[in-house]
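*Asks:* Protein chains in written order, with my numbering: chain A, 328 to 483; chain B, 328 to 483.
In case anyone wonders, no lab produced these hints; they're calculated from the structure. Be aware that a few hints might be false.
Stated by the list, open to error - The calculated EDC-like cross-link candidates involving lysine to aspartate or glutamate, where the alpha carbons are at most 20 Å apart (straight line), are:
(1) A/Lys-342 x A/Glu-394
(2) B/Lys-453 x A/Asp-442
(3) B/Lys-453 x A/Glu-446
(4) B/Lys-465 x B/Glu-455
(5) B/Lys-461 x A/Asp-439
(6) A/Lys-465 x B/Glu-394
(7) A/Lys-465 x B/Asp-439
(8) B/Lys-452 x A/Glu-394
(9) B/Lys-465 x A/Glu-394
(10) B/Lys-456 x A/Glu-371
(11) B/Lys-404 x B/Glu-394
(12) A/Lys-404 x A/Asp-423
(13) B/Lys-465 x A/Glu-449
(14) A/Lys-452 x B/Asp-439
2 protein chains.
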Amino acid sequence: MPWRDGAGAPWLHGKFKGCGYRMTMPRQIILDVLSGTADHLSAEDVYHKVHNAYPSIGLTTVYRTLELLVHIGLIYKFDFGDGRSRYELAEGSKSDRHHHHLVCTGCGRIIDYTDFIDEEIELLKKTEKGLSEKYNFKITNHLIQFYGLCDRCQNK
Amino acid sequence: MPWRDGAGAPWLHGKFKGCGYRMTMPRQIILDVLSGTADHLSAEDVYHKVHNAYPSIGLTTVYRTLELLVHIGLIYKFDFGDGRSRYELAEGSKSDRHHHHLVCTGCGRIIDYTDFIDEEIELLKKTEKGLSEKYNFKITNHLIQFYGLCDRCQNK
DNA sequence: TCTTTTTTGAAAATGATTTTCATTTTCATT
DNA sequence: AATGAAAATGAAAATCATTTTCAAAAAAGA
Numbered sequence: 328m329p330w331r332d333g334a335g336a337p338w339l340h341g342k343f344k345g346c347g348y349r350m351t352m353p354r355q356i357i358l359d360v361l362s363g364t365a366d367h368l369s370a371e372d373v374y375h376k377v378h379n380a381y382p383s384i385g386l387t388t389v390y391r392t393l394e395l396l397v398h399i400g401l402i403y404k405f406d407f408g409d410g411r412s413r414y415e416l417a418e419g420s421k422s423d424r425h426h427h428h429l430v431c432t433g434c435g436r437i438i439d440y441t442d443f444i445d446e447e448i449e450l451l452k453k454t455e456k457g458l459s460e461k462y463n464f465k466i467t468n469h470l471i472q473f474y475g476l477c478d479r480c481q482n483k
Numbered sequence: 328m329p330w331r332d333g334a335g336a337p338w339l340h341g342k343f344k345g346c347g348y349r350m351t352m353p354r355q356i357i358l359d360v361l362s363g364t365a366d367h368l369s370a371e372d373v374y375h376k377v378h379n380a381y382p383s384i385g386l387t388t389v390y391r392t393l394e395l396l397v398h399i400g401l402i403y404k405f406d407f408g409d410g411r412s413r414y415e416l417a418e419g420s421k422s423d424r425h426h427h428h429l430v431c432t433g434c435g436r437i438i439d440y441t442d443f444i445d446e447e448i449e450l451l452k453k454t455e456k457g458l459s460e461k462y463n464f465k466i467t468n469h470l471i472q473f474y475g476l477c478d479r480c481q482n483k
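The whole structure should be built from the sequences, with the hints applied where relevant.
*Replies:* Below, the structure written as structure tokens:
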């Protein structure tokens, strides 16, 4: 699954070239890193992980690549309120189900949940449709997060 | 409603003192500014508006006061993805209904909507309950936002 | 291979937010 | 009203994530 041969997922080449971008080594490795974790990595997290396989990479390139991947739609960018953006693979790339986030305001822990997702999605669809019509807004995305304290943080 | 006499809303004094804080002039004026607008002001927006009534105020104090007000629960802090935090009065202070946000990724415009809110709230309650039990999470807050293009931005 | 365009990395710049610290203000007590 | 301790303030400096600049390196096409 992580395509360690250095070629990257073949179907991605097409996605990149189709958009006029080149599939380069840094881009492949950054995608590999994101594919190989279930965490919500920050740009610097990615930078450190990438560094192992490709020590010469610069933080700048990581930022640029992440921005590009968000633009192409291969990854999502999130803000969980700790001052740095977090990234995760968009579903479809991996066998990853659509989920939302539970954010602990105590320790910053993030829990992905898929419970109730179907109902949420259904309501979201309905809401999107209604809002699109009323406000003439072309909705492309949504964000749902719950904030609170995780079990550990509740006990001081 | 904006208590222009400089005393601030009387019931707020209690809220502040109850938490061990003092109700000062800068704090009153910052609250007045937030009460007097329907916009989603950034810290610097607040700073500029406050400056009229209280020219000696510093940006630092604005930041500190906003943080305090968030902590007390009088205002909410939002991130709409443009790199600066935005603040708005929590409902209850004003005759303000609970609402969610529609964010235009083209121009940054924010639309508050209350449509479908009742259904959303109902589902959120149910979801919160379920998630709280399953993950032993004490949920205090939620965030729902839709992203897309507003009517103006759709036409280039 | 040669040429053009894209991508890269290091260093510098940016910009929002936070910290530091000396001064001023508040408020419970004289 | 005066006093003194605790809290709040403001200016300047510090932080820190992210962006920009720019010259060199890598990729795609001829």
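*Asks:* With a cut-off of 20 Å on the C-alpha distance, tell me whether B/Lys-465 and A/Glu-394 pass.
*Replies:* violated, 34 Å
*Asks:* Does A/Glu-394 lie within 20 Å of A/Lys-342 when you go C-alpha to C-alpha?
*Replies:* Distance of about 15 Å is within 20 Å: holds.
*Asks:* So if I understand the rule, the pair passes when the alpha-carbon distance is 20 Å or less; does B/Lys-456 with A/Glu-371 pass?
*Replies:* violated, 35 Å
*Asks:* Going straight from one Cα to the other, do A/Lys-452 and B/Asp-439 come out at no more than 20 Å?
*Replies:* holds, 18 Å
*Asks:* Tell me if the straight-line CA distance from B/Lys-465 to B/Glu-455 falls inside 20 Å.
*Replies:* Holds, at roughly 9 Å.
*Asks:* Holds or violated: A/Lys-404 and A/Asp-423, Cα atoms, limit 20 Å.
*Replies:* holds, 16 Å
*Asks:* Going straight from one Cα to the other, do B/Lys-461 and A/Asp-439 come out at no more than 20 Å?
*Replies:* Distance ~12 Å between B/Lys-461 and A/Asp-439 Cα, so the pair holds.
*Asks:* Does A/Glu-446 lie within 20 Å of B/Lys-453 when you go C-alpha to C-alpha?
*Replies:* Given that 20 Å is the threshold and the Cα spacing comes to 10 Å, the pair holds.
*Asks:* Decide if the proposed pair is consistent with the structure: B/Lys-404 and B/Glu-394, CA atoms, cutoff 20 Å inclusive.
*Replies:* It holds: about 9 Å lies between the C-alpha atoms, which stays within 20 Å.
*Asks:* Take the C-alpha atoms of B/Lys-453 and A/Asp-442, compute the straight-line distance between them, and say whether it is at most 20 Å.
*Replies:* holds, 11 Å
*Asks:* Compare the distance between the alpha carbons of A/Lys-465 and B/Glu-394 with 20 Å, and conclude whether the hinted pair is satisfied.
*Replies:* violated, 33 Å
*Asks:* Given the proposed pairing of A/Lys-465 with B/Asp-439, does the C-alpha separation stay at or below 20 Å?
*Replies:* Judged against 20 Å, a Cα distance of about 15 Å means the pair holds.
Violation of the numbered hints given earlier is confined to hints 6, 8, 9, 10, 13; the remaining hints are satisfied by the structure.
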